[in-house]
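2 protein chains.
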Amino acid sequence: MGAGNLRINEARLWDSLMEMAQIGTTPKGGVKRLALSAEDMAGRALFARWCEAAGCTVRVDAAGNMFARREGRDPSRPPVLMGSHLDSQPTGGRFDGALGVLAGLEVLRVLQEAGVETEAPIELVNWTDEEGARFGRAMIGSGIWAGQLDAAEAKALRDAGGMTFGAALDAAGARGDAPARPFPADSYFELHIEQGPILERAGRRIGIVTGAQAQLWLRATVIGRDSHAGTTPPSARRDALAGAARMVLAVQRIMREAGEDGRGTVGALTVLPGSPNVIPGEVRFTVEFRNPSEAVVAAQAGRFRAEAEAIAAEERLELAIEERFRIPAQPFDPACVALVRDAAARLGLSAMEIVSGAGHDAVHVAAVVPSAMIFVPCRDGLSHNEAESIEPGEAADGAAVLLEAVLARAGRVG
Amino acid sequence: MGAGNLRINEARLWDSLMEMAQIGTTPKGGVKRLALSAEDMAGRALFARWCEAAGCTVRVDAAGNMFARREGRDPSRPPVLMGSHLDSQPTGGRFDGALGVLAGLEVLRVLQEAGVETEAPIELVNWTDEEGARFGRAMIGSGIWAGQLDAAEAKALRDAGGMTFGAALDAAGARGDAPARPFPADSYFELHIEQGPILERAGRRIGIVTGAQAQLWLRATVIGRDSHAGTTPPSARRDALAGAARMVLAVQRIMREAGEDGRGTVGALTVLPGSPNVIPGEVRFTVEFRNPSEAVVAAQAGRFRAEAEAIAAEERLELAIEERFRIPAQPFDPACVALVRDAAARLGLSAMEIVSGAGHDAVHVAAVVPSAMIFVPCRDGLSHNEAESIEPGEAADGAAVLLEAVLARAGRVG
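Chains A and B, in that order, give the protein sequences.
At position 67 of the first sequence the residue is numbered 66 (numbering that gives the first Met the number 0), and the sequence of numbers has no breaks.
At position 238 of the second sequence the residue is numbered 237 (numbering that gives the first Met the number 0), and the sequence of numbers has no breaks.
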């Protein structure tokens with residue numbers, strides 16, 4: 000009942016990845032396919048053509064999510080879903096998202112080529128705007144579909160040019176007729192690059208993803224007083240950057256105390272007025288903590304608040320800390336996770352359990368459909384970067400595990 | 000031979016300051032008169048009208064510097080100069096620069112009203128682009144005039160829109176016929192707000208400025224590796240911001256060790272890519288040290304380099320530090336400084352010696368003409384800020400000292 004004699008075509012999968020990477024290719028060898036941009040639309044069109052050629056029918060929902068359906072022997076059975084996303088960061092890599100979509104396409108092609116029928120239908124999904132690089136919120140399409148993100152709120156999100164997500168869907172012609180809400184589905188499998196160094200360091204080929212980390216995001220504003228750098232003596236300074244620098248180091252310290260599971264990042268920081276000879280009067284920065292445990296991120300955020308407030312008091316600064324959002328830890332479905340584990344074992348691929356540090360469409364989908372993810376290593380753990388890199392064999396190994404898991408759920412006929 | 004019965008008209012001076020502040024007025028009560036903007040040109044036109052009404056002839060040089068000449072009994076004598084600048088920061092105050100120009104105008108009006116003749120001519124100067132807010136370099140007009148700044152280099156400086164200083168001079172119609180180079184002058188006096196808190200804290204009305212601080216400006220670039228905030232464990236991070244934060248604190252520490260004379264500022268800092276969920280791969284920031292002693296700023300900069308390099312090595316970051324420029328300490332002319340001291344004493348105004356922490360046109364002019372400056376306090380030491388504030392009586396006191404000093408050099412006839 001498993002994949003048996005079926006084999007992933009490593010060269011075909013790689014060629015498809017490279018062809019997709021030509022759309023929005025950047026001078027440094029990465030891709031720029033911002034959600035609903037001309038490049039994204041070109042990628043979506045290519046995806047639809049490839050899926051139709053693989054014998055699927057493609058439908059699009061009101062959030063722009065694309066579902067390529069390969070009919071099952073019993074069309075009434077809930078489909079087995081697989082997928083990921085084709086949009087990218089502004090200076091993104093060739094594999095983040097694209098690997099999961101095109102490995103799913105390779106699964107469909109293998110089945111078509113071998114004339115394999117499955118009991119349940121299989122649907123390959125390209126979720127709209129996973130990256131969040133354009134409208135400031137990640138995993139929009141899967142969030143709307145899974146009811147984890149209010150559709151009206153999502154459609155009102157604006158990009159830097161002031162265009163809303165809703166208007167961009169229409170302008171691009173990406174809005175479809177199907178309702179953007181969950182339909183009965185058997186399961187969901189998503190293959191993705193790890194985007195971190197853990198598998199590579201451990202020398203494992205496959206990550207059996209047991210769930211996703213809890214996240215807690217904060218925004219801090221530090222107010223001092225902007226004054227002249229040449230005329231203001233030390234005792235009269237209220238330097239917002241001097242205070243913010245101490246707070247950045249507090250985030251580092253809190254992260255390190257959680258050991259190798261610790262994640263604490265100040266990723267964006269803006270200094271105002273930002274002139275070389277003006278003592279900064281205001282600094283705004285983001286903080287995010289992640290951990291497999293929600294209790295740990297809550298405690299980390301609490302400790303950061305306390306330390307930052309103490310620093311602000313010492314430096315005579317005002318401080319406001321706003322919680323932007325929390326994402327609870329999302330465990331994946333044990334039965335689906337077990338299928339990934341079994342598939343890796345059957346294929347003789349070294350594997351280890353791992354918790355996803357990044358958000359993924361699967362995290363939203365898991366709220367309504369039994370889900371699991373498969374990770375493959377990427378060079379130096381590098382992602383969200385044009386230099387993101389994997390080997391063809393790694394892509395094929397991940398696709399082989401995906402094929403096994405999907406076939407096990409969908410049920411091979413005969 | 001002094002000012003004798005002559006009295007500054009406090010209300011008239013204040014009214015002129017307030018009328019000038021209407022040009023480019025900002026919602027928060029400051030001014031925006033960027034050099035060679037429409038607002039600056041309107042301010043310059045008003046200045047010319049007022050000077051002509053006060054019996055002066057106005058000439059403009061090739062750098063846009065405006066000289067309003069009140070003829071002396073002996074036109075062949077080198078004129079006594081006074082002045083400052085009418086351009087402002089983007090969110091500047093009403094007094095930075097304007098006080099020195101309009102106090103000079105008040106001096107001319109007092110002399111005209113009383114029919115006082117002087118031996119030497121008196122010239123009131125409005126220097127072009129003191130602030131440096133538009134073309135990225137401060138004290139351009141006085142720098143060109145005094146030969147401290149190469150005219151060709153200055154004219155090639157570009158604003159954010161790509162327009163050069165030279166093109167902006169022509170576009171605004173601000174370029175005059177007189178050559179922009181030093182002519183024989185007896186002396187130069189510049190009244191300015193302190194732009195710091197020292198006089199106010201000491202409860203003194205007048206600052207006898209003995210010279211200007213040495214400055215040394217650096218630009219630092221810290222390179223780490225941008226990577227995913229959720230997937231990169233502490234041991235794999237090369238966080239450019241974590242390193243830069245420690246470097247910012249090193250600047251603070253080095254500044255504080257110089258006591259109340261210490262000046263060390265990181266005013267601009269940019270984080271790349273600047274996304275909440277990406278560990279910063281690059282941080283660029285400015286550093287400037289100032290001190291009355293050149294040896295001290297050189298030692299501070301050397302220590303900063305050493306500490307920053309040690310931090311970069313510890314944090315596995317690359318670091319480049321570039322010296323942008325040094326401005327040597329500029330002592331003012333002892334005889335001119337003595338006239339300021341004497342004038343304050345004669346007027347019964349509390350005074351103290353002070354070193355200018357800011358750059359001023361007088362610092363350039365002092366290289367070719369015996370010069371001195373007069374400071375008056377400003378509220379909370381606040382400047383380069385729309386909330387910059389002084390009292391009418393403080394403006395008048397400063398103008399009275401200026402009148403005494405200028406008359407002492409120009410020689411009252413009869």
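To be clear, the hints were calculated from the coordinates, so they are not data collected in a lab.
Misleading hints may appear alongside valid ones.
Derived list of chain A stretches under chain B, where covered just means 3 residues or more per stretch with a C-beta under 8 angstroms from a C-beta of chain B [said to hold, decoys possible]: (1) 79 to 87; (2) 104 to 116.
Reference listing, derived: stretches of chain B covered by chain A, where coverage requires no fewer than 3 residues with Cβ under 8 angstroms from a Cβ of chain A [what the hints assert, rightly or not]: (3) 207 to 219; (4) 223 to 234; (5) 288 to 294.
Just so you know, even glycine gets a beta-carbon here, dropped at the ideal spot from N, CA and C.
Structure-based check of all given hints:
Residues of the stretch 79 to 87 of chain A with a Cβ under 8 angstroms from some Cβ of chain B number 0, which does not satisfy the need for three, so the listed coverage is violated. For the stretch 104 to 116 of chain A, the assignment as covered by chain B is violated, since 0 residues bring a beta-carbon within under 8 angstroms of that chain's beta-carbons and 3 are needed. Residues of the stretch 207 to 219 of chain B lying with their CB closer than 8 angstroms to a CB of chain A number 3, which satisfies the three-residue condition for coverage. With 11 residues bearing a CB less than 8 angstroms from a CB of chain A, the stretch 223 to 234 of chain B meets the requirement of three and the coverage assertion stands.
For the stretch 288 to 294 of chain B, the stated coverage by chain A is violated: 1 residues have a C-beta nearer than 8 angstroms to a C-beta of that chain, whereas at least 3 were required.
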